[in-house]
Amino acid sequence: MSEPVAVIYKIEQAEKGTSLWQDAWIRLRKNTMALFGLGVILLLCIIALLTPFIAPYGYEEQNLLLGAVPPSTEHWLGTDIFGRDMLTRIMYGSRVSLMVGFIATGVALIIGVLWGTIAGFAGGRVDAVMMRLVDILYALPFMIFIVLLMVVFGRNILLLFLAIGAVEWLTMARIVRGQVLSLRRQEFIEAAISLGLSRWTIIRRHLIPNTLGPVIVYTTLTIPSVMLLEAFLSFLGLGIQPPQSSWGLLISYGVETMEEYPWLLLFPGLTLSITLFALNFLGDGLRDALDVRSSKD
Amino acid sequence: MYNKKKRGKTLLFTALFTLLIIELTGCSSGENNVTTGNREGILHWGNGTDPQELDPHIVTGIPEHHILTALLEGLVAKNPATLEPIPAVAKTWQISDDGKTYTFQLRRNAVWSNGDPVTARDFAWSWWRALQPALGNQYAYMLFPIKNSEAYAKGEIDDFSQVGVKVIDNHTLKVELTHATPYFLQLLDHYSMFPVHRATIEKFGKPDERGSLWTRPGNFVGNGPFTLKEWQLFKRVTVIKNPNYWDADKVKLNGINFHPIENVTTEERMFRSGQLHHTASIPIDKVAVYKKDKPHQLLTHPYLGNYFYRINTKLPHLSDKRVRRALAMSINSQQITEQVTKGGEVPAHTFTPPDTLGYTAKSAFEFNPEKARELLAEAGYPNGKNFPVTELLYNTSEGHRKIAVAIQQMWNQYLGVNIILNNQDWKVYLDSVTNGDYSIARAGWIGDYVDPNTFLDMWVKDGGNNGTGWSNPRYDELILKLAPKTKDRNERYKLMAEAEAILLEDMPIIPIYIYNSKSLVHPSLKGLQPNILNYVLYKNLSLDPSLSGVKLN
Amino acid sequence: MFRFILSRLLQAIPVLLVVITATFFLVRAAPGGPFSAEKAVPPEVIKALEAQYKLDQPMWQQYVSYLNDLAHGDFGPSFRYPGRTVDELISGGLPITAELALYAMLVALIIGVSAGVFAALKPNTPQDYVPMSAAMVGICMPSFLMGPLLVLIFGIWLEWLPVSGWGDLPGDKILPAITLGSGYAAFLARLSRGGMLEIMSQDYIRTARAKGLPEWVVVLKHGLRGGLIPVVAFLGPAFAGLLSGSFVVETIFQIPGLGRFYVQAAFNRDYTMILGTTVFFATLIILFNLLSDIIAVWINPKLRHQIQEGQ
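Protein chains in written order, with this note's numbering: chain E, 1 to 297; chain G, 1 to 553; chain H, 1 to 311.
FYI, nobody ran anything at the bench for these hints, they're computed from the structure.
As the structure is a prediction and not an experimental result, all values here were calculated from the model.
You may find that some hints are simply not true.
30 angstroms max Cα-Cα, derived DSS-like pairs, lysine-lysine [unchecked claim]:
1) G:K147 <-> G:K481
2) G:K154 <-> H:K39
3) G:K485 <-> H:K39
Kindly produce the complete structure, drawing on both the sequences and the hints.
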């Protein structure tokens, strides 16, 4: 294929938005690891949804006299220092963690990608102003911001998303902008411009799909850090409150007693790890499946 | 061109990498602080949060208290075993028959670390300084038993000669009090009553200037058994033996390293790897482990403080005494101390810790869920029906969270009431409590001195530390008018017991447990005598090098 | 290039001004003053303290005089440490935190980039899965877990390394550097793998291969240049993040660095210290973001033209 033909091919392929996603799905289906990842995530979501019906105990049910006991037939994953069933608490925790992980990351993703693409594509003053705004938000003292949020609005799970979203989209925007800057000078974008496509169409059809690779990778990295950030914010008092639980909180409690009651750290840690591995395989699969260029091999 | 650039980059990376390896590894000597310290007579002391200042008239915390008792000395000290007053700068003293006049004879060999003699004038000047409003001394109230000192501190009189401190001669100091204050001698070794070296302070600034450089190493002049050698924020404060101290022969240590360690897990691990002789605390879940495997390294003893919940009596549903009593009677505090706090704390049924200098209040409530339910039903909430959702506030901390989680469940289980937990960062929490912007809030109170007064005078109407909105005229009369005027100890305690009974009957607060001090002590550290004030007389401590090798791990 | 840097530096002035202004009013809006304490502080003492630190003046007056002091390089006195200036505290903690961040960054770069590139060479094989799984573990493990775990293993059980300290005992810098660096190493591994895969499928790489160049030359000479662009974009904020986010590691390992001062200041409402550290970190963030943009241009010639045209 000679250069101009390749460019036109790319434009055509990107124009037909549906075929890109259909193509991707076909390729994703061939990737067993990615399918496995997808399966695990779906399973976790189903368990999280059904938790109130299938959990063996109540998440707040205490048995102080029992205290922390290692896994047994009665409590498969052991109990915490209040004698609460760990399996139940991890199941209930998944509701919070998955929701925070996906929603907050989703918010960060949308804002970050749009912001970065627009800044990178517009260039000049618009770019400068937009990116300096990012710098300002980076620099503000996060903890004071949290305290103020709490005081002004009270405890609210929505605030948690807001607080997390407010910090997580910044790096995303920077990465996307960098990517767009390097794409902007490539032939197919210039061709699209000379063909007279509108800016919005170029952004939507050409730029965003081509930044998806790094964006997906960064997203799979953001989900775990968002889940852990939730634990930190909950600890500060912004997020969920005891007796509710989340994976991040369970892990942070587990750290304190890792020598005495290792199962309190091990099981929530394992759950989070499995989720991340699954997300990771899925993310890699998606990245490969969406990669227009590698498909031509 | 390309190669040159690349070589440059490679070189840079190689250099950085080599630097990294050299910096990170170094050669290993392997001797820990305890071994070195035992050989050189240096004590390594875990000291909690980072000290703010070393000016005795500015500081407010316990870590500062520990360092200052090593650096300075008041008129009298305490016997750490009995907490009875023992001579310090004052060799002898007399108390007048009405208990209102104290005359101190200062020892002639007491000198500052620079050789200047410590005189009665130094004390009078120091106390004058401690009362200066511009200095912002938060503990100025420790001096208030002295006649007219409160009026002077508040600017009501501006003639210090009216304050009851008289220098008779260089070595005699006479102090007049407003009332016979039986615990006055105890106050004398609180840091706000420590002497400071006038010439040094005036050299570095005005007497009432906050944070002049006089407290820095090299500038600091003290009269205690140790002098300041090094002060690095967040790292350590090092003090070394003061050869000019009047009792220097009895001081066995050559120096103390105070390590500011905020993270208890880190502190325990430092102890376990032989970096500390003594820790400020111990992680809750480690207590059982030490009790079982290394009981001789664990030191626990009662501490003069009460862990309790404040109730906002201004709220409609909590203004009912029966509701408050129901809440109190459905807390199984024994289970909390045994299963949650686990450090040998004693469940509290009174506010003043039992046997505070011979005073024990009558216990006024007990764990009784049946009775609690009845009371709640009487108040109009049978089985917790219609009981408003109530918030339990605590400041952000693992320990408070655990207790709150347990109590939330108890209230829910025994009373059927719905409680939500709310934690706030320390400063926000203080603001909420001060402004009455809470329903039920966690609190703690550590006595300033050993006398029921330090626990009871806070609950008078509009007392700065009350915060519950509760008051009772008879209570105020007993605490503010009758008790201070009563000279006889038993009579006075009777009045206080009557007051405490009123407090516990009305229950604007729910006592949960009496604090316990918990720390880890290396076996080579000798001479530590535990007491309810956690008071340490550093000159009594010594280190035994033969025990350096005790297995810690 | 010079004009680009100059214009970015000029843009930094309004950015800093906005940051200062926002922080100045934010911290004062937060409840709980710097002088509140557990035992109630008498009102006359609070008044004396507020007068001393000029907190009794009208807000705008405080703001103007703060800006004025700042313009003269004076960050003001700390509220928590009487007698210490914010300048003194920052210059005390900075070298330590900077050293820690530098080591952590080197750890992250060396481990992260090599693992990522190595994995990208043979995607979807064990050579890919093993380093990438290790990277995932690194991401899963926040420093509040990684630190205590490393201390437990290497400090307590094996007794190879000190459990705490910074420059006191030989080898006490290893665990903090690894703890702080590992999370970033994992990120870098993922980013560089992604970037490399992207680049290795580009036409010019294929051209290079077709020319018969050895694979390692293709990877190092042509691949790394483009493949590391996402890494470079990440480096600027990452280094600033290492500096300002080191407080967990500093607390775990008893390191007297800037991160602890920053967090402690926020908790203590030490207004001037919060402002001082924020201004300081903001400057760092701006500089490092600029630096990472410059490096991005340097390794990607395409961007160079763009900047020259665009400005």
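With a cut-off of 30 angstroms on the C-alpha distance, tell me whether K485 of chain G and K39 of chain H pass.
Given pair K485 of chain G, K39 of chain H holds - Cα atoms ~25 angstroms apart, limit 30 angstroms.
Verify the proposed pairing of K147 of chain G with K481 of chain G, using a straight-line Cα cut of 30 angstroms.
holds (16 angstroms)
Satisfaction of hint between K39 of chain H and K154 of chain G, Cα-Cα up to 30 angstroms:
holds (18 angstroms)
Comparing the model with each earlier hint shows no violations; every hint is respected.
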